[in-house]
Amino acid sequence: MALEYKTLEELHTMLVNKETTVEAIVRDLYERIDEKEEQIGAFLYLNKEQAIEQAKKVDEEGIDPNNVLSGLPIAIKDNIVTKDEPTTAASRMLENFVPVYDATVVKNLKDAGMISLGKLNMDEFAMGGSNENSAYKICHNPWDLSRVPGGSSGGSAAAVAAGFIPASLGTDTGGSIRQPAAFNGIVGMKPTYGRVSRYGLIAFASSLDQIGPMTRTVKDNALVLNAISGHDEMDSTSYPSEKEDFTKDIDKGVKGLKIGVPRKLFKDSALDDDVMDVIEEAVSKYEELGAEIVEIDLKYALYGTPTYYILASSEASSNLQRFDGIHYGYRSDKFANLDDIYVNSRSEGLGPEVKRRIMLGTFSLSSGYYDDHFEKAARVRTLICKDFQEAFEKVDLVLTPSSLTPAYKIGGKIENPLQMYKEDTFTVSINLAGIPAISIPCGFVNELPIGLQLIGNHFEEQKLYQTAYAFEQATDYHNQRPEFKGGE
Amino acid sequence: MMTIEKDTIRQTIELSKLEYSDAQEQELIKEMQKIITFVEQLDSVDVSGVKPTYNGIDLHSVLREDKAVKSDRTDQLIENAPTSKDDYIQVPSVVDKEGGDA
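As given, the protein sequences belong to chains S and Z, one line each in that order.
So the first sequence is residues 111 to 598, counted in the working numbering.
So the second sequence is residues 9 to 110, counted in the working numbering.
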């Protein structure tokens, strides 16, 4: 039975109607992975034996018919710790690292009855936009195998698009859920900062990181966010909000909704003309559905990328100090003293992009440069936050492309880090402001998926899901499937 | 536009507890120069009277009850250390015999 493109809801219905079993679903997906994963490279670790064991147990006990996620499979980005299962953050630094605890989101998924099939490939320590910075292997885009899946949640996106799993967890610090979601034609949500616990997320930039769901449909995405969101005592940046049901009134529609479109920003950025055309068609679709389109200006948005790179790198330079060859992870065997352990372990264990960002961060925070770099960037961050607050006084949400271009060729930008940084123009400001945003498929350019990004005010994920759902139900993009073309 | 001096790079490398070969250092200086020039776009932004934002959301000094909670994970945590003895992680002497700073 071809289960690989079923949604979470469809699988649940099949289980309730006894058309299939949890074990059959898990086996079916592993078969698909056996068949196609070599072409993609989405997984760093597969959990087959334990997953089948768990599946058998759930079948014995019976699924919970009132819980859609009961017994369903998922996979987890490899910067989220999973007890007794390897967690590497795609780095040599954590090559043999096995965590002694589960991240809160992993615990939440287990409590919801979900079964993890394995850990997903990514850019090392979440630093990158193409998955090419993985220390282990390249990940390929199932729509065109010669192209990147995006990053840093490249494996998370590719695995869902390829039909290996109906849902995955990704993380997003500057666009790392939304951009790969766009490149793979799937749905990716970066929740409001503080909505989802970061306990057990290997930290990159603590004031920007968020974990979020990646799925093929909007409703599936809301279902997973239901499971992973909520206040957590173990994360003091987790917001003490009430538990919400993000699927509530999801079919509300968009009549009378005010959607802000910053067209001046589109023109001033390096946005690809073909992508602009697809976005404009999507805007027209929203007008057809009853939304009111309002021209807005995000004055400081183009300063988002330099602001982000200073702040994120500075926070990362501090967070990555813990990788010192002492407590866990890679330790160099070349040392005469303690300092050698730090320097050699880090220099040998960390990849070039990670080191580059540590250097930029350390530089920005150092005496003589702190005011002009780190503090200046933090003040521009305030202006970027104000841009959005002013926009939300006029509109309900903001619409932009998720990326400047469709997925590019593997090797196309990796030699030029700066070029890759500029790709993040539309996504980074959202992390700086701590607001939620979702990317949904909205069309194609040269048979490559394009994503549109909807941006909401703090804690307005429900509005985002309603708006995304309306577009999805009025179009057919979410039903298109990749053909695994363009391989060697 | 700030020119990145070799000394500045060397000091940053030391602070970062990293090491680069001479050839890598040459490359690094070029890369850092490009990146620093890029982020210097912020020089033209007027931030007079604007306070910095460091947090993702407006939550500050979140406290919990001052109650000790037992954690019995020592064995598991020690397993992750490259070298250990009993409950301790084993490292070279902090007081150097061979020079270099600890």
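Since the hints were derived computationally from the structure, they do not count as laboratory data.
Please read all numbers here as calculations on a predicted model, not as lab measurements.
Note that CB positions come from ideal geometry on N, CA and C, so glycine has one too.
Keep in mind that a hint or two might mislead.
[Said to hold, decoys possible] Cβ-to-Cβ under 7 Å is the rule here; a few derived chain S residues that face chain Z: (1) Y303; (2) L528; (3) Q529.
Comparing the hints with the structure gives:
Hint status for Y303 of chain S relative to chain Z: holds, with the closest Cβ pair at about 3 Å, below 7 Å. Because the closest C-beta pair between L528 of chain S and chain Z is about 5 Å apart, less than 7 Å, the hint holds. The beta carbon of Q529 of chain S comes no nearer than 10 Å to any beta carbon in chain Z, farther than 7 Å, and the hint placing it at the interface is violated.
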